[in-house]
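Chain order of the listed sequences is H and S.
Those letters in the first sequence? Residues 1 to 119, by my numbering.
Those letters in the second sequence? Residues 1 to 535, by my numbering.
Note that these hints are calculated values from the structure, not bench results.
Some clues are possibly wrong.
Claimed, not checked - Stretch-level coverage of chain S by chain H, calculated; a stretch enters the list once three of its residues show a Cβ under 8 Å from a Cβ in chain H: (1) 231-241; (2) 400-414.
Stated by the list, open to error - Dumping the calculated EDC-like pairs for lysine to aspartate or glutamate here, alpha-carbon to alpha-carbon at most 16 Å: (3) K379(S) / E414(S); (4) K104(H) / E414(S); (5) K104(H) / E314(S); (6) K104(H) / D12(H).
As the list claims (entries may be wrong) - Derived, one-sided and incomplete: chain S residues facing chain H with beta-carbon distance under 10 Å: (7) I118; (8) L308; (9) S312; (10) R330; (11) E375.
We treat Cβ as the ideally placed atom computed from N, Cα and C, and that holds for glycine.
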Amino acid sequence: MSARGVVLLVEDDDALREAFVGALGEGGFRVASVPDGRAAIRWLGEHIRPALILLDLWLPGMDGWELREEIARHAHLRDIPIIVVTAVPNQTAELLDVRAVLEKPVTVPQLLETVTRFI
Amino acid sequence: MTRPPERALVRAAWIAALAVVYASVGRLGLIAEPVAGFATVLWPPSGIALAVLARKRWLWPGIVLGALAVNLWVGAPVFVALGIAGGNTLAAVLGSEGLRRAGFDSRVSRVRDVLALILFGAILSTLVSASIGVGSLRMGGLVTPSETMNVARAWWLGDAMGDLVVAPLLLVWTAPAPSLRDVPPRLEALVLALFVAAAGALVFGGVLEPASEGRSMYLLFPPLVWATMRFGQRGVTASVASVSTIAVLGTVAGHGPFSRAELPGLLELQSFMAVLAALLLVLGAAISERDEAHAVALDARGARADFLAMASHELRTPLATLVLLVGTLRMRFAADPSRAELNQELSLAAQQTERLGHIISNLLDASRIERGAFEIERKPVDLAELVRVVTGRLGEAAARAGCTLAVASSGPIEGHWDRRRLEQSVTNLLENAFRYAPGTPIEIELSADEATATLVVRDRGPGIPQPDAEEVFSRSRPAVAKRGRGGLGLGLYIVRSVVRAHGGSIEVEAAEGGGARFVVRLPRSQGLGPAVSTR
Numbered sequence: 001m002s003a004r005g006v007v008l009l010v011e012d013d014d015a016l017r018e019a020f021v022g023a024l025g026e027g028g029f030r031v032a033s034v035p036d037g038r039a040a041i042r043w044l045g046e047h048i049r050p051a052l053i054l055l056d057l058w059l060p061g062m063d064g065w066e067l068r069e070e071i072a073r074h075a076h077l078r079d080i081p082i083i084v085v086t087a088v089p090n091q092t093a094e095l096l097d098v099r100a101v102l103e104k105p106v107t108v109p110q111l112l113e114t115v116t117r118f119i
Numbered sequence: 001m002t003r004p005p006e007r008a009l010v011r012a013a014w015i016a017a018l019a020v021v022y023a024s025v026g027r028l029g030l031i032a033e034p035v036a037g038f039a040t041v042l043w044p045p046s047g048i049a050l051a052v053l054a055r056k057r058w059l060w061p062g063i064v065l066g067a068l069a070v071n072l073w074v075g076a077p078v079f080v081a082l083g084i085a086g087g088n089t090l091a092a093v094l095g096s097e098g099l100r101r102a103g104f105d106s107r108v109s110r111v112r113d114v115l116a117l118i119l120f121g122a123i124l125s126t127l128v129s130a131s132i133g134v135g136s137l138r139m140g141g142l143v144t145p146s147e148t149m150n151v152a153r154a155w156w157l158g159d160a161m162g163d164l165v166v167a168p169l170l171l172v173w174t175a176p177a178p179s180l181r182d183v184p185p186r187l188e189a190l191v192l193a194l195f196v197a198a199a200g201a202l203v204f205g206g207v208l209e210p211a212s213e214g215r216s217m218y219l220l221f222p223p224l225v226w227a228t229m230r231f232g233q234r235g236v237t238a239s240v241a242s243v244s245t246i247a248v249l250g251t252v253a254g255h256g257p258f259s260r261a262e263l264p265g266l267l268e269l270q271s272f273m274a275v276l277a278a279l280l281l282v283l284g285a286a287i288s289e290r291d292e293a294h295a296v297a298l299d300a301r302g303a304r305a306d307f308l309a310m311a312s313h314e315l316r317t318p319l320a321t322l323v324l325l326v327g328t329l330r331m332r333f334a335a336d337p338s339r340a341e342l343n344q345e346l347s348l349a350a351q352q353t354e355r356l357g358h359i360i361s362n363l364l365d366a367s368r369i370e371r372g373a374f375e376i377e378r379k380p381v382d383l384a385e386l387v388r389v390v391t392g393r394l395g396e397a398a399a400r401a402g403c404t405l406a407v408a409s410s411g412p413i414e415g416h417w418d419r420r421r422l423e424q425s426v427t428n429l430l431e432n433a434f435r436y437a438p439g440t441p442i443e444i445e446l447s448a449d450e451a452t453a454t455l456v457v458r459d460r461g462p463g464i465p466q467p468d469a470e471e472v473f474s475r476s477r478p479a480v481a482k483r484g485r486g487g488l489g490l491g492l493y494i495v496r497s498v499v500r501a502h503g504g505s506i507e508v509e510a511a512e513g514g515g516a517r518f519v520v521r522l523p524r525s526q527g528l529g530p531a532v533s534t535r
């Protein structure tokens, strides 16, 4: 399992973040979670590259869109697959330049299937 | 802060300025064929006095001085001039006080403002000025008893004209511009001004044969109504003042429909213009009230839509948490046969969270529709396959409602539609049937010709009484609520919005043998529908 690497989850709502960690854990993924964009940047500077980033868009401080751009500026982070999980309507993977967009609420099978596809 | 002596000086200067304006305008008015030297067709000073005192009561000495000056100027004996000046001032003071007590707003944008102006300004205050003024002339021996009635009428109507033409002109144009109305382009104002002038010149300018001048009066109405509809009270006051000026000058010069006999003609002109001014002011006020009510309704609607959008967005985070938690628990215990009961309860919890999700999506969609932010994305879709997917997904819900689902279709039906929106619409139609026709068979029929795909959902429930048929698609559904069937009733509203956004139609009819029959028709290609992207 650990060969699949770590999923970095960026989500500001505590309860939802825990629920994500539980669901991904049930699917056999190791998860590191942070509450906002700045914490994500810090985490990326201090740890080994994650296998995938699960990203909320509306975040305090640095939001999901800004984090997406910040990651694209770094050559060694640029190709980490990103999946956006959001309640913001009318977002598409092409529009955000990410691998996939999941609309909240997302079901556990949907989540695990999508993460497995891109990891 | 201004110190008292300075303020007194400033006030004195204003009073003097008002007196000069009043006297000069009055002198100009009296050039135009006065009756018995003192009563005139249009007496602008009465309007100036009313408008000024409606704003600043303390300016009344300016009226006294101005009226005194103008009457001495045209040769009235001192005591007559004093009487007239007193009457004119009293009229303006009483009229403006009446307006103040009636809650008059100087934008004249409400019908009640216009009515107050007519009652206190044009009718009551002018009776005071006319009776005191003509009384003074009589006492001075300047009118004979036989002339008195005609002079009094001319005086009264001349003052009334001032109050209906000049006072609103000054009040409306010095009040803050109405913000509700989109200001039409300057070019339109220019063209309108030309039309007003042209109509005035045609009717009162001696351009036409005298015989046809009377018949040409209707020419005044189109530009005046245009001014009212497009420019509100500013348009009314400016165009009525222009036409009145042209009419008075033309009539005095012997032209136009009112020029035939001297005095009765002038009185008729006064009555005509007074009625016209009053009518247009009422019309302008009614339009502006309607605009305001419309703007308030739009604001309320926007606020509700924003609230719905915010609320449903906020609800999604806890819902997403619940969905994940329940899903994780189901996964964790699914393989454990000793937890059958827990698994059943978790499955129920999952259904309920899914239902909650539908309700929240419907709320969000309804708010998007109301804000005009509802978009569809067309891609090639097979409607028959889409219906199979939805009926498959809703199999469990149908079973819970005791309904059976039967789909009749002859093969693929391709079209350019928004797949997600159509899935949502078919889901809403079927959920509506589950709710209102539980325990009955539900039939779905699909058919198509070259241009149109048709989807029919038929249930065998109680049906919908014809008078209420259209109402089931509306945002609020009193008739349905009356029958005690709860729910927000957004499902069919969204279906109709989706269908319309595709350029299609939906109707509901009584099915043969009882129940309701929803018929959805969708154009198969994009070109047939109206523009859909409303953002």
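Hint-by-hint comparison with the structure:
no.	hint	in the structure
1	231-241	violated (count 0)
2	400-414	violated (count 0)
3	K379(S) / E414(S)	holds (10 Å)
4	K104(H) / E414(S)	violated (30 Å)
5	K104(H) / E314(S)	holds (11 Å)
6	K104(H) / D12(H)	holds (14 Å)
7	I118	violated (54 Å)
8	L308	violated (13 Å)
9	S312	holds (9 Å)
10	R330	holds (8 Å)
11	E375	holds (7 Å)
Figure legend: structure checked against the earlier numbered hints; hints not met, in rising order: 1, 2, 4, 7, 8.
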